[in-house]
Amino acid sequence: MAPGAVPARDGVPVPDGAAHRARLAVALGAGRLAGELSRRLGRGAGAVVRGRVVLGIAPDALRSLSAGRRTLVVTGTNGKSTTTRLITAALGGDDGDDVASNATGANMGPGLVTALDDDRAGTAVLEVDELHVPAVMRATAPLVVVALNLTRDQLDRTHEVSRTSRVWGDAFAERPVTVVANAADPHVVAAALRGSPVWVDPGLRWTEDATVCPRCGQLLEWIDGRWSSACGLAMPEPDYLLTPDGVRVPGGAHVPLDLKLPGTVNRGNAAFALAAAGVLGVAPEVAAARLADVDTIDGRYARLDLGGRPARLFLAKNPAGWAAALAMIEPESQLVVGINARTADGTDTSWLYDVPFERLAGRTVGAIGDRRDDLAVRLHYAGATPIVDADPVRLAAALPPGPLVVAANYTAFRELRRHVA
Amino acid sequence: MSPDAPRTVEDISDEASASLSPVPPARVRGDALTIVHVYPHLLGTYGDAGNAIVLRHRAQARGLPVEVVVVQPGEAVPTMGDVYLLGGGEDAKQTAAAHELREDGGIVAAAGRGAVLFGICAGYQLLGETFLGVGGAVAPGLGLLDVRTDRLQTRAVGNMLARPVAGSGLPDLIGFENHGGATVLGSAARPLGHVVVGVGNGDGEATEGAVQGHVYGTYLHGPALALNPALADRLLATVVGELAPLDDVLCDRLRRHRLQEVLPATARAGRRGRVTARLRGGRDSGASGATATLSDVPTAR
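These protein sequence lines are chains A and B, in that order.
According to this note's numbering, the first sequence is numbered sequentially starting from 1.
According to this note's numbering, the second sequence is numbered sequentially starting from 1.
Just chain A, with the same shape it has in the complex (with noise of 0.2 angstroms):
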């Protein structure tokens, strides 16, 4: 134990004592140089340099910058970003009331430190990766933990969802925490089970990545949307149930949702930020309202112009929210993709394979980004005409008249935010 550290009720050392309070302070204080300095070098926004120059100095600064906060820690492959927003916008944070969270999607350590040095707010809402949450778990003891869902993203950098699935459980087991979860995900309740969970069913089905048992290896059968295993685990009765105009809540309430947002998949996101927001006691008719005024997240569902050509901007990272992408997009809407395969990407295209791309057959498609190639060919398989060009300009100029939706991957969504009208 360092010096100056203090056990806490459940064995976790819990820094204290004024060298430790200096050290964090110097910490901090070199960690805004840092970023200020990788802003004016013009290296963006600063936070991840920042929050790394602080761990570097007081590793145990996430710990420190948690204590005395509520927390809740927002994690899953798909929707972390829109729900961690939607989160924020339930708990009043949009309505004067102090809620710290990591809005630009900076989601390990270093990410997480310098959100909470910028805000002191005393509920910190923490949009994680789905491979750090034991560790962010262990640093900011959160009240609460939102498990959106577990599907195939990046396999040359994560794990299969089933390893993922596990760490979690883990991680629910260690300490008290409410799970808010994702009933209709397999992976998500195998986890969840080993907290105090609180069910969502969030409407949309992915079942590509959830055919076989998480707890006993057999066969999944999905019977009406509703999933069971041999072993006897079976899809838990949901808390929060997504309908077609609104979640109906505990007690069999049902409040209706007024989104700026598009599709199903984010009203099911709206569904567990009810649940998050019921959790710390907002009525969620409070919450609701609280939801209808959030329009864009970081860029995404941003309206762009194209040279003229007004658009709109989604960002999709893998298999499942590709399909809920394509789901969104209206049958007369003009559809650009952007694929880049950089790091944060996952430097392997196969899965664009496992993306319902058929669903587009007959129709013409703009492919941009670095990979634009195999996704023509990919899109060429599904039986639809891909038009290749690098400049999304162009491209809208090509694509015939109608809505245009631009949809891209992480990289790829990242340059076309500069677009942003």
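One thing to keep in mind: the hints can contain errors.
As the list claims (entries may be wrong) - Pulled a few chain A residues facing chain B out of the computed Cβ check, cut under 8 angstroms:
{"hint": "1", "residue": "L55"}
{"hint": "2", "residue": "R152"}
{"hint": "3", "residue": "E160"}
{"hint": "4", "residue": "V167"}
{"hint": "5", "residue": "G217"}
{"hint": "6", "residue": "W222"}
{"hint": "7", "residue": "I223"}
{"hint": "8", "residue": "D348"}
{"hint": "9", "residue": "D354"}
{"hint": "10", "residue": "A376"}
Said to hold, decoys possible - In the SDA-like style, the derived pairs of lysine to any residue whose C-alpha atoms are separated by at most 25 angstroms in a straight line are:
{"hint": "11", "chain 1": "A", "residue 1": "K260", "chain 2": "A", "residue 2": "A103"}
{"hint": "12", "chain 1": "A", "residue 1": "K317", "chain 2": "A", "residue 2": "A361"}
{"hint": "13", "chain 1": "A", "residue 1": "K317", "chain 2": "A", "residue 2": "D298"}
{"hint": "14", "chain 1": "A", "residue 1": "K317", "chain 2": "A", "residue 2": "R166"}
{"hint": "15", "chain 1": "A", "residue 1": "K317", "chain 2": "A", "residue 2": "P356"}
{"hint": "16", "chain 1": "A", "residue 1": "K260", "chain 2": "A", "residue 2": "P134"}
{"hint": "17", "chain 1": "A", "residue 1": "K317", "chain 2": "B", "residue 2": "L246"}
{"hint": "18", "chain 1": "A", "residue 1": "K260", "chain 2": "A", "residue 2": "S333"}
{"hint": "19", "chain 1": "A", "residue 1": "K317", "chain 2": "A", "residue 2": "G96"}
{"hint": "20", "chain 1": "A", "residue 1": "K317", "chain 2": "B", "residue 2": "R274"}
{"hint": "21", "chain 1": "A", "residue 1": "K317", "chain 2": "A", "residue 2": "E332"}
{"hint": "22", "chain 1": "A", "residue 1": "K260", "chain 2": "A", "residue 2": "A361"}
{"hint": "23", "chain 1": "A", "residue 1": "K317", "chain 2": "B", "residue 2": "H41"}
{"hint": "24", "chain 1": "A", "residue 1": "K317", "chain 2": "B", "residue 2": "G133"}
{"hint": "25", "chain 1": "A", "residue 1": "K317", "chain 2": "A", "residue 2": "I329"}
{"hint": "26", "chain 1": "A", "residue 1": "K260", "chain 2": "A", "residue 2": "R215"}
{"hint": "27", "chain 1": "A", "residue 1": "K317", "chain 2": "A", "residue 2": "R300"}
{"hint": "28", "chain 1": "A", "residue 1": "K317", "chain 2": "A", "residue 2": "P134"}
{"hint": "29", "chain 1": "A", "residue 1": "K317", "chain 2": "B", "residue 2": "R253"}
{"hint": "30", "chain 1": "A", "residue 1": "K260", "chain 2": "A", "residue 2": "G308"}
{"hint": "31", "chain 1": "A", "residue 1": "K317", "chain 2": "A", "residue 2": "L233"}
{"hint": "32", "chain 1": "A", "residue 1": "K260", "chain 2": "A", "residue 2": "D305"}
{"hint": "33", "chain 1": "A", "residue 1": "K317", "chain 2": "B", "residue 2": "P40"}
{"hint": "34", "chain 1": "A", "residue 1": "K317", "chain 2": "A", "residue 2": "S196"}
{"hint": "35", "chain 1": "A", "residue 1": "K317", "chain 2": "B", "residue 2": "A265"}
{"hint": "36", "chain 1": "A", "residue 1": "K317", "chain 2": "B", "residue 2": "H257"}
{"hint": "37", "chain 1": "A", "residue 1": "K317", "chain 2": "B", "residue 2": "E90"}
Hints were generated in silico from the structure; no laboratory data involved.
Glycine is no exception: its CB is placed at the ideal position from the N, C-alpha and C atoms.
Following the hints, put chain B in place on chain A, whose structure we already have.
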């Protein structure tokens, strides 16, 4: 030396008409070409369904009627299919799939009558004599390929380029590998190619994949046939004979991009990784999955 420029459409389809095996499978002419996608829920880690999509599309483009049959565990594997596809999968699923396929017997019977089998990663390993199953225990494969799989010291993850063995008539094999298997070929199996970038079989002899009669295995994972249309056509031609050329302009462009930009970058990163490892006094970590550089190319043709 830079990698070969991609071949033209004509080259690819000419090459595809030559079969590696002299015995065509027993097949009733006029029936639909049957592609059997084996256990996608167990053997389908990442884009493996793409191979069935590609074969169906390329057969239909030649006016051939095609049927894709998806078989799940518990269902009988048809014995009269023409091409059987087995994809990648994690250890537990691979062991379960091998067990089911042995019990079922359908795929072994199909191989016996000369059907084309194409196994990727876990699917490749389980076609062999033995592989490592759950917990690293040696598990029996289907014995259709004379290969045995042990474990690589470092997992192979990255872009791969393999130069096909002399006389195969195939252009460069490209793709992505993500596996921990070290596969050694026995005398009855021949490698598909020699690794130029990446790890491949990891047998110390820079081989990649295996072929034995009509049974193919490769560590080019996921939609390998989308990136290697000549190999896709080779599988089809083995069943139906000579194929008319297709307009592969999009695929040619994709292969050119991989060969001229992606693979050289991977090779450079591999070289950097090895130099760094040497400077640190450590062993070659194979960090990027690159074991050879584009200048070490063993020229097979």
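Going down the list of hints, with the structure as the test:
no., hint, verdict
1, L55, "24 angstroms, violated"
2, R152, "7 angstroms, holds"
3, E160, "5 angstroms, holds"
4, V167, "15 angstroms, violated"
5, G217, "6 angstroms, holds"
6, W222, "11 angstroms, violated"
7, I223, "15 angstroms, violated"
8, D348, "4 angstroms, holds"
9, D354, "5 angstroms, holds"
10, A376, "5 angstroms, holds"
11, A:K260 to A:A103, "18 angstroms, holds"
12, A:K317 to A:A361, "21 angstroms, holds"
13, A:K317 to A:D298, "15 angstroms, holds"
14, A:K317 to A:R166, "23 angstroms, holds"
15, A:K317 to A:P356, "14 angstroms, holds"
16, A:K260 to A:P134, "33 angstroms, violated"
17, A:K317 to B:L246, "32 angstroms, violated"
18, A:K260 to A:S333, "18 angstroms, holds"
19, A:K317 to A:G96, "33 angstroms, violated"
20, A:K317 to B:R274, "31 angstroms, violated"
21, A:K317 to A:E332, "24 angstroms, holds"
22, A:K260 to A:A361, "29 angstroms, violated"
23, A:K317 to B:H41, "22 angstroms, holds"
24, A:K317 to B:G133, "31 angstroms, violated"
25, A:K317 to A:I329, "16 angstroms, holds"
26, A:K260 to A:R215, "39 angstroms, violated"
27, A:K317 to A:R300, "12 angstroms, holds"
28, A:K317 to A:P134, "23 angstroms, holds"
29, A:K317 to B:R253, "24 angstroms, holds"
30, A:K260 to A:G308, "23 angstroms, holds"
31, A:K317 to A:L233, "29 angstroms, violated"
32, A:K260 to A:D305, "19 angstroms, holds"
33, A:K317 to B:P40, "22 angstroms, holds"
34, A:K317 to A:S196, "30 angstroms, violated"
35, A:K317 to B:A265, "23 angstroms, holds"
36, A:K317 to B:H257, "22 angstroms, holds"
37, A:K317 to B:E90, "22 angstroms, holds"
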